[in-house]
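Below are the chains, spelled out letter by letter.
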Amino acid sequence: MATTCFHCGAAVTGREAARTLAFDGRQVALCSEACETVARRIRDDGLGDFYRFRSAPAAPAIGAGSGTRWAAYDREVLQREFVTEQPDGSREAQLLVQGVRCAACAWLIERAMTAVPGVREIAVDPLTTRTRLHWDPRVARLGELLARMAALGYEPGACTAEEGDRAALAERRAGLRRLIVAGFGMSQVMTYATAMYVGAMQDVDSGIGEFLRLVSMLVATPVVFYAGAPFFAGAWRGLRSRRPGMDLPVALAIAASYAASVWHTFRGSGEVYFDSAVMFVFFLSCARFLEMSGRHRALGLTGALAHHLPRLATRLGDGGPELVGVTELAPGDRVLVAPGQSVPVDGRLESAAARFDEALLTGESRPVRRLAGDAVVAGSINLLEAATVRVERVGAATVLAQIGRLITVARAERPHLVEVTDRVAGWFVTGVLLLAAMVGAAWLTIDASRAFEVVLAVLVVTCPCALALATPAAFTVGMSALARRGVLLRRAGALEALSRATDLVFDKTGTLTEHSAGIRQVVPLAGIDAPRCLALAAALESRSEHPLARAFPPPDPSLTVVDVVAVPGLGIEGRVAGVRLRLGTPGFAAGPAAPDAPSPAAAADSATQSVWLGGESGLLARFDIAEQVRPGVAGDLAALRAAGLDLAIASGDQEGPVRAVARQLGITDWHARLQPAGKLALVRAMQREGRVVGMVGDGINDSPVLAGADVAIAIGSGTSLAHHAADCLLIGAGLEALPTAVAQARRTMRIVRQNLWWAVAYNVLAVPLAATGVLAPWLAALGMSASSLLVTFNALRLGRTVPPPAAGPASTLSRSEALP
Amino acid sequence: MSIIFVLIPLGLVLLGAAVLAFFWAVRNGQFDDLETPAWRMLMDDDRNPPPGGDKPPPA
Numbered sequence: 001m002a003t004t005c006f007h008c009g010a011a012v013t014g015r016e017a018a019r020t021l022a023f024d025g026r027q028v029a030l031c032s033e034a035c036e037t038v039a040r041r042i043r044d045d046g047l048g049d050f051y052r053f054r055s056a057p058a059a060p061a062i063g064a065g066s067g068t069r070w071a072a073y074d075r076e077v078l079q080r081e082f083v084t085e086q087p088d089g090s091r092e093a094q095l096l097v098q099g100v101r102c103a104a105c106a107w108l109i110e111r112a113m114t115a116v117p118g119v120r121e122i123a124v125d126p127l128t129t130r131t132r133l134h135w136d137p138r139v140a141r142l143g144e145l146l147a148r149m150a151a152l153g154y155e156p157g158a159c160t161a162e163e164g165d166r167a168a169l170a171e172r173r174a175g176l177r178r179l180i181v182a183g184f185g186m187s188q189v190m191t192y193a194t195a196m197y198v199g200a201m202q203d204v205d206s207g208i209g210e211f212l213r214l215v216s217m218l219v220a221t222p223v224v225f226y227a228g229a230p231f232f233a234g235a236w237r238g239l240r241s242r243r244p245g246m247d248l249p250v251a252l253a254i255a256a257s258y259a260a261s262v263w264h265t266f267r268g269s270g271e272v273y274f275d276s277a278v279m280f281v282f283f284l285s286c287a288r289f290l291e292m293s294g295r296h297r298a299l300g301l302t303g304a305l306a307h308h309l310p311r312l313a314t315r316l317g318d319g320g321p322e323l324v325g326v327t328e329l330a331p332g333d334r335v336l337v338a339p340g341q342s343v344p345v346d347g348r349l350e351s352a353a354a355r356f357d358e359a360l361l362t363g364e365s366r367p368v369r370r371l372a373g374d375a376v377v378a379g380s381i382n383l384l385e386a387a388t389v390r391v392e393r394v395g396a397a398t399v400l401a402q403i404g405r406l407i408t409v410a411r412a413e414r415p416h417l418v419e420v421t422d423r424v425a426g427w428f429v430t431g432v433l434l435l436a437a438m439v440g441a442a443w444l445t446i447d448a449s450r451a452f453e454v455v456l457a458v459l460v461v462t463c464p465c466a467l468a469l470a471t472p473a474a475f476t477v478g479m480s481a482l483a484r485r486g487v488l489l490r491r492a493g494a495l496e497a498l499s500r501a502t503d504l505v506f507d508k509t510g511t512l513t514e515h516s517a518g519i520r521q522v523v524p525l526a527g528i529d530a531p532r533c534l535a536l537a538a539a540l541e542s543r544s545e546h547p548l549a550r551a552f553p554p555p556d557p558s559l560t561v562v563d564v565v566a567v568p569g570l571g572i573e574g575r576v577a578g579v580r581l582r583l584g585t586p587g588f589a590a591g592p593a594a595p596d597a598p599s600p601a602a603a604a605d606s607a608t609q610s611v612w613l614g615g616e617s618g619l620l621a622r623f624d625i626a627e628q629v630r631p632g633v634a635g636d637l638a639a640l641r642a643a644g645l646d647l648a649i650a651s652g653d654q655e656g657p658v659r660a661v662a663r664q665l666g667i668t669d670w671h672a673r674l675q676p677a678g679k680l681a682l683v684r685a686m687q688r689e690g691r692v693v694g695m696v697g698d699g700i701n702d703s704p705v706l707a708g709a710d711v712a713i714a715i716g717s718g719t720s721l722a723h724h725a726a727d728c729l730l731i732g733a734g735l736e737a738l739p740t741a742v743a744q745a746r747r748t749m750r751i752v753r754q755n756l757w758w759a760v761a762y763n764v765l766a767v768p769l770a771a772t773g774v775l776a777p778w779l780a781a782l783g784m785s786a787s788s789l790l791v792t793f794n795a796l797r798l799g800r801t802v803p804p805p806a807a808g809p810a811s812t813l814s815r816s817e818a819l820p
Numbered sequence: 821m822s823i824i825f826v827l828i829p830l831g832l833v834l835l836g837a838a839v840l841a842f843f844w845a846v847r848n849g850q851f852d853d854l855e856t857p858a859w860r861m862l863m864d865d866d867r868n869p870p871p872g873g874d875k876p877p878p879a
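Protein chains in written order, with the numbering used here: chain R, 1 to 820; chain V, 821 to 879.
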């Protein structure tokens, strides 16, 4: 394994091998000048703890950029979008910060920025990367502050559209308040209930019993009406839309047990069920809260997508280049895109030629070459030299924004299964209500004085505890057990879908293979041996910025490289150890004197890309560069196949590389050159055949298909947006947690099914007893509690052990320790 | 046993105080981010971590 960058974790190759920094009494390697600058700054500012406590490598540093770039943020017209003026003249900016990967990043930014004069407060949310910067404009300018953040290696950008965010925060806080009321209330009422049960057996003073009932009622009232309010609201909504959901029996059970208990408290006789009602509300609130947290994380989506577009652009006007906000651009404007920057708009290229990395949109690992007049999409990164682009579409009209909308649409389509469950629940509820009414009517004619008691017994006994209580518990416990194994689930439904999955579709680049390529073989063509050719080529490529250059090993420092000229689209030329060499396409490498150069066209469609090395006398060697399958992937796939899953590849890449990877991994079902929409269509077609499809991917281009699949799995090293569209996140860099996740999902569903069967069996047994009046309400409540406890404990079993295909500990703590 | 008539109301008062304190904390954003503060506590001002440590050598 090659050395990795101390700052960003990227492999250190080629010319950067000698770049080191003293840290903690040892020399650490760094991959670029920008990373070195950032790491040095962090060390010298006394913030080295960042490296000791972070749980993920930092994003590669991008360099602070020019001062003018950030100064543009001082423009009032730009600030209007994301800055609010405080009453005392200070200002607050909402930012999205690129490169925040873990809590340590947030700590670093906060520590470093708080020390800057003029900064009143800064809060970074490591999860959504949203940052609130409160500063005094009389002391510091925003541009200066942002430049400081950029110097740390975190590029800030404006964050607009936070309406939804505020609503989510309010919802979260309300949920927390309900949870705590229910929790405190439950602990109290359960204590009183225990005292009463014990008291009933030991025949204690009845005055105390009455007092305890009154106190129970006092505590249970806010729990039922405040913490339980969402259930009543949900039941009412269900009734009004004539589609009674699970909320209805829950609300009925809570209301009925509460009402009866109040009645019995004032009557001074009969059983009270405050404990059952309160316990219900608490457990259900817990499940609701967890579900809500997951949903909110998904809400960060809009912000994350907008984040990939720069907020500023260099407009080429009559008066020369001018830095403006992207929103100020109009179709027809010309913008300049510097190398390394992403294109802010959709448009047409005006420069003669340029190379772009469109991986964000296509997932395509190779840079694409665009000529004058070709379309350029927002979000692609300009690789080599400054390019001029004529604006065609801005903001919401761009392809990237459309992908965002595609995700939203795909998400909205999904809750098919939820509807089915709701319908079944509706029938169940209707059945229970009909049964209770029939039983009540029957008892009115038999013995009217016992009618209420019996109806209540029926309602309490049929309370869908196993559904309403044990199922969420099983999901929650199953999910947290998986989280400890490095698998995060966005929503509880993902567990069910994962357990039913019959097919897994993998994206190729970054999922099955490494993002960067490696040299597969060296073919000497002119008598010079392979290692020597490789050394010469590596020395030359160490001066190249081309992505393929990263495949070459670090250069031998004894080889001097001079007179280097890069010819875009063809290759690189230079004098290595005194010999003139050319590296690139065969025609270029062979030099003008060699007409018999092999055609490079053959390489475009094969698994490998080839680079030729040529000298004065013609071609010297050929280097075949191929994508490398991630280590361990073959074993993980074998484990998944053993679990009975069918595997497939859907890639945006060319046919050759896809076929090669598929053959290497033994996957027969592969599809190449698929656009995001094509991948979605493929998944849809499989779904129409009745298969349950899990999609494993990492790029933004996968987001629509991730959202459209039955279960979407993203791997941790992928782009953050893909995470937002995924149901399931593998935190580690590889797929090793996936077999565990599938096994755990199936186990969870097995326990859920056991619980459901128990609930059915219990109801079949208990309902007739209750309906015939044999079962007194207190016995029904006892039976229900015992049944609830049984199913809950069954669910809790999930947390204790994790299924076999788990090798070694993968907790977040040990991961963070393992990092340098 | 009549002490219970004093103790339980006392418990209720404490319960109410606890709920109010929690509401106050929620309103002040104490629960908005449950991750960063935990890390910040670990890292703050600890200029001299124990030498050697239990970190494995870097990969």
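Please keep in mind that the hints were generated in silico from the structure rather than gathered at the bench. Don't be surprised by glycine CBs; every beta carbon is placed ideally from N, CA and C. Do not rely on the hints blindly, as some may be mistaken.
[Claimed, not checked] A few chain R residues facing chain V, derived, Cβ under 10 Å:
1. Arg75
2. Gln79
3. Val83
4. Ala106
5. Asp125
6. Ala147
7. Arg148
8. Leu169
9. Phe184
10. Leu218
11. Arg267
12. Ala437
13. Met438
[As the list claims (entries may be wrong)] A partial selection of chain V residues facing chain R, derived with a Cβ cut-off under 7 Å:
14. Phe851
15. Asp853
16. Leu854
Structure-based check of all given hints:
1. This hint is violated: Arg75 (chain R) has a C-beta 31 Å from the nearest C-beta of chain V, more than the 10 Å allowed.
2. With its C-beta approaching chain V no nearer than about 24 Å, Gln79 (chain R) sits outside the 10 Å limit, and its interface hint is violated.
3. Interface restraint check: Val83 (chain R) against chain V, minimum CB-CB distance 20 Å, threshold 10 Å, status violated.
4. Interface restraint check for Ala106 (chain R): the shortest CB-CB distance to chain V comes to about 5 Å, inside 10 Å, so the restraint holds.
5. A distance limit of 10 Å between C-beta atoms decides the matter here; for Asp125 (chain R) the minimum to chain V is near 6 Å, and the interface restraint holds.
6. The interface hint given for Ala147 (chain R) is broken, as the beta carbon of that residue sits about 24 Å from the closest beta carbon of chain V, more than 10 Å.
7. Contact between Arg148 (chain R) and chain V, as hinted, is not supported at the beta carbon level, the nearest pair being about 20 Å apart and thus beyond 10 Å.
8. With 10 Å as the threshold, the beta carbon of Leu169 (chain R) comes within range of chain V, its nearest partner Cβ sitting at about 7 Å, so the hint holds.
9. A distance limit of 10 Å between C-beta atoms decides the matter here; for Phe184 (chain R) the minimum to chain V is near 6 Å, and the interface restraint holds.
10. At a threshold of 10 Å, the smallest CB-CB gap from Leu218 (chain R) to chain V is about 7 Å, leaving the interface hint in force.
11. Because the beta carbon of Arg267 (chain R) sits about 22 Å from the nearest beta carbon in chain V, more than 10 Å, this interface hint is broken.
12. Given the 10 Å rule on beta carbons, the hint for Ala437 (chain R) is violated: about 38 Å separates it from the nearest Cβ of chain V.
13. With a least beta-carbon distance of about 42 Å to chain V, the hint placing Met438 (chain R) at the interface is violated under the 10 Å criterion.
14. The restraint placing Phe851 (chain V) at the interface with chain R holds, with a minimum CB-CB distance near 6 Å, inside the 7 Å limit.
15. Interface restraint check: Asp853 (chain V) against chain R, minimum CB-CB distance 6 Å, threshold 7 Å, status holds.
16. Using the Cβ-Cβ criterion of 7 Å, the hint placing Leu854 (chain V) at the interface with chain R is not satisfied: the shortest such distance is roughly 10 Å.
Hints 1, 2, 3, 6, 7, 11, 12, 13, 16, counting from the list given before, are not met by this structure.
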